[in-house]
Amino acid sequence: MLFRSELIRAHPHLENGEVVEAPVVRELMEAIGQLGLAGLCVPRELGGMNAPLLVFQLTQELLARADTSLCAHVGFHGGIAMAALLYSVLEGTTTFGDDRIAETRFRELIDEIVAGKAWGSMDITEPGAGSDMAALRTRAEQLADGTWVVTGQKIFITSGHGRWHFVVAKTGDGGLEALSLFLVPAWDWAPDGGKIWRAAFTGVEEKLGHTASATVSIAFDRSPAFLVGAQGRGFQQMLVLMNNARIGVGFESLGVAEAAWRAAKAYAAERPSMGKTIDRHEMIAEILEDMQTDIQAVRALGVAACLHEEVAQKIDLVSRFLPLEPARKEALARTQRRSRRRSRALTPILKWLASERCVAIARASIQVHGGAGYIVETGVERLLRDAMVFPIYEGTSQIQALMVMKDTLLGVVKDPGRFLKEMAAVRWRTLSGDPLARRVAQLRLTALQAVQFLLLRLTGAKARELPLTNPGAWKAAFANWDPKRDFALAMLHAERLTSLCADAAVAEVLLEQVERDPARAELLERWLEKAEPRSRWRYDELTTIGLRLLGTLAKEPEAQAAK
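Each residue of the sequence shown is one higher than the one before, counting from 1382 in the numbering used here.
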């Protein structure tokens, strides 16, 4: 508890060009380094423990229960080390011997991080350019000797006061296709152990929460840089980092939510009111149970998303570098395709659901505490302040919802026959099987019906014009369809569609668990109890509102032009 109170007051600051952390942060990070947590997933031959990514994420949840600033900072140690290793492997600059890594391009970075002497960050956001990466203005220039330099400014960089920076910069004119990825050291070591600065830290943000975490602005002025992979691949390479980071935010959100629930539960069990403790009052009991259900459900979703992402990545590496029999290689390829598909579907849902529910759970914890929850000394108000960033960083909730919506709708456009077969199969499952399976299938059917509704509206077609049994008619309807022009209604309802997909995805993950362990049925029933009416409500919203607002938005440009 002493560490927690000290961390709340631990605000990093800029002093003589360096970011200075509070002594308690340095003390804790030294202890974490001694435990080897910075190299948890790093292969043993590089000094790490070779633990699965899932173990790392579950560890992050535990750290976030204590302090999310510390959790985030630890994540930018091991996470950057593993990203550097993966990038080196993919570009062919890691060599193997006897099924072990012999050498890797970014060995200095990895060694420093595993030893607890350094950390890194991913530098994307700039003034005027956040989610729209095509608007980035930081540029890289290749010199006559073939080396690179980077010039530009990055802001809002979490743990951006470390030595190692993966920087997205433009290497040509254009949008996303002009982005490349560079490793830029903020300083190099002088022979006397001092620092030779290659970049400048220009500010440390004062934030609503995460007060012990350094959020830094950094300026590059012809800073020496190392191209990672091929030119023009920066956006794709950054997605590798961001996808894992979004899963990480899911587990970070879980940690804060768990802390909020435990605090509320403990307080409610001791606080007497009207002849009994308040956890025995019906409304408070429901709040506490809803908090617990959401946490358990999100954790199940997080484990599934993380597992599929890790399986997909590792099968890719195995297939690239190990000699495999054709049959074995094809079997692994099938597993990888399934895991890649599942990871792509679940990751934005996890990021959206975990971060949004964490804010709601932290808010509910304050409510259960009553007036005591509003007092700083109690500690739960800090959880709400910390939670508020989760729906914002690593891609806002709205960005996650747009990803879910576009992937879902464009998937149907590319293969309407598959969608119609899935809808028919799900409809059949609502009529057969055990009661829990039927209820889960009904949630998925509701989500699919929402997709169908949006597509019919977007194409301007009537339901009777697109028979469910005729994929050819669907293909014809989409022949002259421009997603960039015709997506307005779907963009308006993206979060509602994501909510429907999330309710179904969690239920399906839990049903898979029930098939292996019947004891999980109780959790699935609790989830369905709230998800079923919520999905009906979301579907009703999606199918009945929005046209008025879209009409208003369509008229505004005309009104501006008339002026």
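Rather than coming from a laboratory, the hints here were simulated on the basis of the structure.
Be careful, since some hints might not be right.
[Claimed, not checked] Only pairs whose alpha carbons sit at most 20 Å apart, straight line, appear in this in silico DMTMM-like list of lysine to aspartate or glutamate: (1) K1911 with D1921; (2) K1576 with D1479; (3) K1802 with D1921; (4) K1710 with D1697; (5) K1695 with E1889; (6) K1911 with E1889; (7) K1646 with E1663; (8) K1576 with E1402; (9) K1911 with E1922; (10) K1498 with E1426; (11) K1710 with E1691; (12) K1911 with E1522.
[Unchecked claim] Ranges of calculated distance between the beta carbons of each label pair, as one might list FRET restraints: (13) A1900 with A1869: 42 to 50 Å; (14) Y1755 with A1412: 55 to 63 Å; (15) L1934 with E1711: 44 to 52 Å; (16) E1426 with L1934: 55 to 63 Å.
For glycine and all other residues, C-beta sits at the position ideal for the given N, C-alpha and C.
Status of the hints after comparison with the structure:
Restraint check for K1911 and D1921: the C-alpha separation of about 16 Å stays at or below 20 Å, so the hint holds. For the hint linking K1576 to D1479, the alpha-carbon distance of about 38 Å lies beyond 20 Å, and the restraint is violated. Using a Cα cut-off of 20 Å, the hinted pair K1802 and D1921 is violated, with the two alpha carbons roughly 24 Å apart. The straight-line distance between the Cα atoms of K1710 and D1697 is roughly 10 Å, inside the 20 Å bound, and the hint therefore holds.
This hinted pair does not check out: K1695 and E1889 have alpha carbons roughly 24 Å apart, beyond 20 Å. Simply put, K1911 and E1889 have alpha-carbon atoms about 15 Å apart, close enough for the 20 Å limit, and the pair holds. Taken as a hint, the K1646 and E1663 pair is honoured in the structure, with Cα atoms around 14 Å apart against an allowance of 20 Å. About 18 Å separates the Cα atoms of K1576 and E1402, which keeps this hinted pair within 20 Å; it holds.
Between K1911 and E1922 the CA atoms are separated by roughly 17 Å; this keeps the pair inside 20 Å, and the hint holds. Among the hinted pairs, K1498 with E1426 is consistent with the structure: their alpha-carbon atoms are about 18 Å apart, no more than 20 Å. Only pairs whose Cα atoms come within 20 Å are accepted, and K1710 paired with E1691 is accepted, the gap being roughly 18 Å. The hinted pair formed by K1911 and E1522 fails the criterion: a straight-line CA distance of about 55 Å is larger than 20 Å.
Checked against the hint of 42 to 50 Å, the C-beta distance between A1900 and A1869 comes to roughly 46 Å, which is consistent with it. Taken as a hint, the range 55 to 63 Å is violated for the pair Y1755 and A1412, whose Cβ atoms sit roughly 33 Å apart. The hinted range of 44 to 52 Å is satisfied by L1934 and E1711, whose Cβ atoms lie roughly 49 Å apart. Under the hint 55 to 63 Å, the C-beta atoms of E1426 and L1934, about 57 Å apart, fit the expected range.
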